[in-house]
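Protein chains: 2
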Amino acid sequence: MKQWTKLKEHLAYDGWRKIIVRRYELPHGQVADFDIVGNGPYVTIAAFTSEKEVILTRQFRAGPEQVLTSFSEGFIDQGESPEAAAARELLEETGYRAENIQWLKSRRSSYSTETQHFMLATNCHYVQPPEPDALEDIEVFLLSVEQFRALLHDSKDEAFINIAAGYLALEKLGWL
Amino acid sequence: MKQWTKLKEHLAYDGWRKIIVRRYELPHGQVADFDIVGNGPYVTIAAFTSEKEVILTRQFRAGPEQVLTSFSEGFIDQGESPEAAAARELLEETGYRAENIQWLKSRRSSYSTETQHFMLATNCHYVQPPEPDALEDIEVFLLSVEQFRALLHDSKDEAFINIAAGYLALEKLGWL
Numbered sequence: 038m039k040q041w042t043k044l045k046e047h048l049a050y051d052g053w054r055k056i057i058v059r060r061y062e063l064p065h066g067q068v069a070d071f072d073i074v075g076n077g078p079y080v081t082i083a084a085f086t087s088e089k090e091v092i093l094t095r096q097f098r099a100g101p102e103q104v105l106t107s108f109s110e111g112f113i114d115q116g117e118s119p120e121a122a123a124a125r126e127l128l129e130e131t132g133y134r135a136e137n138i139q140w141l142k143s144r145r146s147s148y149s150t151e152t153q154h155f156m157l158a159t160n161c162h163y164v165q166p167p168e169p170d171a172l173e174d175i176e177v178f179l180l181s182v183e184q185f186r187a188l189l190h191d192s193k194d195e196a197f198i199n200i201a202a203g204y205l206a207l208e209k210l211g212w213l
Numbered sequence: 038m039k040q041w042t043k044l045k046e047h048l049a050y051d052g053w054r055k056i057i058v059r060r061y062e063l064p065h066g067q068v069a070d071f072d073i074v075g076n077g078p079y080v081t082i083a084a085f086t087s088e089k090e091v092i093l094t095r096q097f098r099a100g101p102e103q104v105l106t107s108f109s110e111g112f113i114d115q116g117e118s119p120e121a122a123a124a125r126e127l128l129e130e131t132g133y134r135a136e137n138i139q140w141l142k143s144r145r146s147s148y149s150t151e152t153q154h155f156m157l158a159t160n161c162h163y164v165q166p167p168e169p170d171a172l173e174d175i176e177v178f179l180l181s182v183e184q185f186r187a188l189l190h191d192s193k194d195e196a197f198i199n200i201a202a203g204y205l206a207l208e209k210l211g212w213l
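For the protein sequence lines, the chains are Z and V, in the order given.
Using the working numbering, read the first sequence as starting at 38 and increasing by one per residue.
Using the working numbering, read the second sequence as starting at 38 and increasing by one per residue.
Everything labelled a hint here was simulated from the structure, so no lab data went into it.
Be careful, since some hints might not be right.
The list treats identical chains as interchangeable, and a pair is accepted whether it falls inside one copy or across any two copies.
Unchecked claim - Simulated pairs of lysine-lysine, DSBU-like, Cα-Cα distance not exceeding 35 Å:
(1) 55 x 89
(2) 89 x 43
(3) 193 x 43
(4) 193 x 45
Work the whole structure out from these sequences, hints included.
Shown next as structure tokens:
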């Protein structure tokens, strides 16, 4: 594949999210602008208790304007490792501490600068009430691995957003 | 979970992508603005030939500024069904026609208006050269199901972006 030649870029929107407009010369000579969402690296934490329960959260989300189900997720702070970010976000959002946290893999995105890091947290124990950010209103709940596997491919569900992280965790744990 | 009360919203950026700023009153009384990416519904097509090969594409992507690997994907046109969009995008991008196309499930997104529809295309046959959009520069390639399963959880790969669609297709086909 030929790389594209970037002619210029500028920040077109600078809010909580950013839009970067990048102008490229394509391999066949066309010149075109692309709107890119500027987003930092983040972790998605597939977390399991020592009783093989899956730790999930429910939150109202402003994109679809409905309650979605997810693993704990959060941006990685400057200088923080994915493992440390995962431990911090899991504890803040759910009150669970993981005995083991491991990075599984990462994934880039077509029209965003983001990198998603898939993390696996095992032997998690509830240690304290969640301490979410001021703007987070999070409900924590548990599913058995069997219930969770069914949720992953439930055609009636469009609210669980971390399907990739779920399958990658079950694959790593040998539970597929 | 309590729903949030939307106080107002406005279009803050209106390019190829859109940013919508939504102001909510949260359950505990705080008022806050959220930047939402405005994006239409799209299909991701996990496509297989009659010889159990997986049909994949490589393209330079302006978000990470590198070549990423994906299934065929594309926006659903106004009034088009997900099945019709999947057949159209698969043929345009890869030159393959599917004998069977089925919807597997959909997924919403936290900070975008989009809906991703996971589609399964089976018994695909190569019928004509790809006819990509003017700004697409796409390379088509095939993997065996075994190679594809390994790619899904390969920790050294961050370029394949449709991990959820891949596992959902293998789950549906009974190949996990």
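Open item on the list: For a quick check of understanding: which of the numbered hints are violated here, in increasing order?
Closed with: 1, 2
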